[in-house]
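S.K.: Modelling step: build the complete structure from the supplied sequences, incorporating the hints.
Protein sequences appear in the order of chains A and B.
Be aware that the first sequence starts at 39, since it is given in this note's numbering, and climbs by one per residue.
Be aware that the second sequence starts at 98, since it is given in this note's numbering, and climbs by one per residue.
Everything labelled a hint here was simulated from the structure, so no lab data went into it.
Backbone N, C-alpha and C define an ideal beta-carbon position, used for all residues, glycine too.
Mixed in with the good hints there might be a few duds.
Claimed, not checked - Chain A residues, not near chain B, derived (Cβ > 10 Å throughout):
no.	residue
1	P55
2	R151
3	K160
4	G228
5	A238
6	A293
7	R328
To be verified - Result set (DMTMM-like, lysine to aspartate or glutamate): computed pairs, CA atoms no more than 20 Å apart in a straight line:
no.	chain 1	residue 1	chain 2	residue 2
8	B	K113	A	E72
9	A	K314	A	E324
10	A	K214	A	E234
11	A	K296	B	D155
12	B	K113	B	D130
13	A	K253	A	E306
14	A	K254	A	D301
15	A	K56	B	D139
16	B	K131	A	D63
17	A	K229	A	D301
18	B	K103	B	D130
19	A	K257	A	E72
20	A	K254	A	E323
21	A	K160	A	E112
22	A	K325	A	E337
23	A	K332	A	D63
24	A	K257	A	E315
25	B	K131	A	E73
26	A	K335	A	E318
27	A	K257	A	E299
28	B	K131	A	E60
29	B	K113	A	E73
30	A	K325	A	E73
31	A	K56	B	D141
32	A	K335	A	E72
33	A	K257	A	E321
34	B	K131	A	E72
35	A	K69	A	E324
36	A	K314	A	E268
37	B	K103	A	E290
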Amino acid sequence: MSLKYITPAERFKKYLPKDYVELVDYGPFGKTQEEAGPGNMGQFKELVEEHPMCSGCWMAYYIRLIFASLPNPEDTVTLGTAGCGRLAISQAAVPFIYGNYGDQNAMASGLTRAFRLRFPDKTKDVITIAGDGGTMDIGFSMTMHSWIRGEKFTTIMLDNEVYGNTGGQSSGMSPKGAVLKMAPKGKDFGKMPATELARAAGCVYTVRMSPTNIKKAAKIIRRAIFVAREVGPTFIHAYTSCNIEYSIPTHEVFADAKAQEKDRFTFEEYMTDEAKEVIERVEAEEKAARMARKAQKTEAVN
Amino acid sequence: MYYVAKVNADMCAEYKCNTCTLYCPEANTLMFDKSGNTSWVDVDRCKGCALCVYVCTDMLNRDCITMEMPNVEAV
Ligand SMILES: Cc1ncc(C[n+]2csc(CCOP(=O)(O)OP(=O)(O)O)c2C)c(N)n1
Ligand code: SF4
Ligand code: SF4
Ligand code: SF4
Ligand SMILES: [Mg+2]
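M.R.: Right under this line is the structure:
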């Protein structure tokens, strides 16, 4: 997709749905992060539309943040699988591909390769966004093999430590002892070491975090995307609680995410030397562009 | 209907803050009006979670948001 593709002819606008027109006029396409990014959500039309995820769902919040952080929304494709997250991801103004359960990283491998063959001069970002069950249980082999093959795209795991969408079965990512509706005796083994597995399989950039700090979480999402473009597979393991299955009162969801930052989701960032080079270069370029825009603005005022 | 968030615009405008709008789980729901320096709620989209109340009251100690029953007309 490109910006041109979504822009309607002026005379045709009045026949289009309001949300669509708002997206064209006030959306983030073609804009900088300062104009329409995570720091000013609530002041532009966001890519994510109304969706049926539960009230107060922290996973819905993180999905909102992912879409606001995209460096290149008009040339991005997301892939997902069954689970709560896809209910919102599929409502965003970014092409979304939904296959059989757990095959998102296999599909993304083919798509990434096809894009590079078909559009060699263009940057197209491919991101898989799936739950802990979809990524580490049922989709495990396809996740691991995409990393082992060194496929250049980003994998984001929305870890709510349960199968939320199907009513509370334990997953490989549920913590030891977790008592869930369909694990009434408590889970009897611990969380799978997701980021360690990712590194062993060849991911060149991995992060584990509880996304409570918007600026930091957005920076990580962008880093994972930039590195995947050039170096290899990248992986973000994010805590995105399920207030329903873990009985967290909705107004305490943020406090719970902060508590998890000190517990199972302490911040951990790993990058290879090559990944580090890309991050340093891109962030220096972004900073220079920001400064140039600022200087231009002050000049215009004076 | 159910309780939804309501921003006290006069109180909120004193802070020029835009923090709650960043943490609402719903996109295009808790908005910020830059000219009036106040956040506002699209009641049709608010799911009543009160996460914004946690941000304004518990985190920032400001109490500008309350959960209230909206006036809805029967159709
Ligand atoms: C092949 C297949 N098996 C089972 C299911 C049923 N199913 C739907 S979502 C889901 C698990 C979701 O768990 P997770 O990936 O952690 O996502 P969450 O809903 O917790 O975000 C399952 C087992 C399915 N859709 N397809
Ligand atoms: S079931 Fe849990 S993860 Fe799924 S939408 Fe509801 S709160 Fe979010
Ligand atoms: S957090 Fe409170 S003071 Fe800040 S914008 Fe929201 S309502 Fe206003
Ligand atoms: S109550 Fe929840 S959904 Fe409604 S505006 Fe506040 S944070 Fe958003
Ligand atoms: Mg899950």
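S.K.: Which earlier hints turn out false for this structure, listed by number in ascending order?
M.R.: 6, 23, 26
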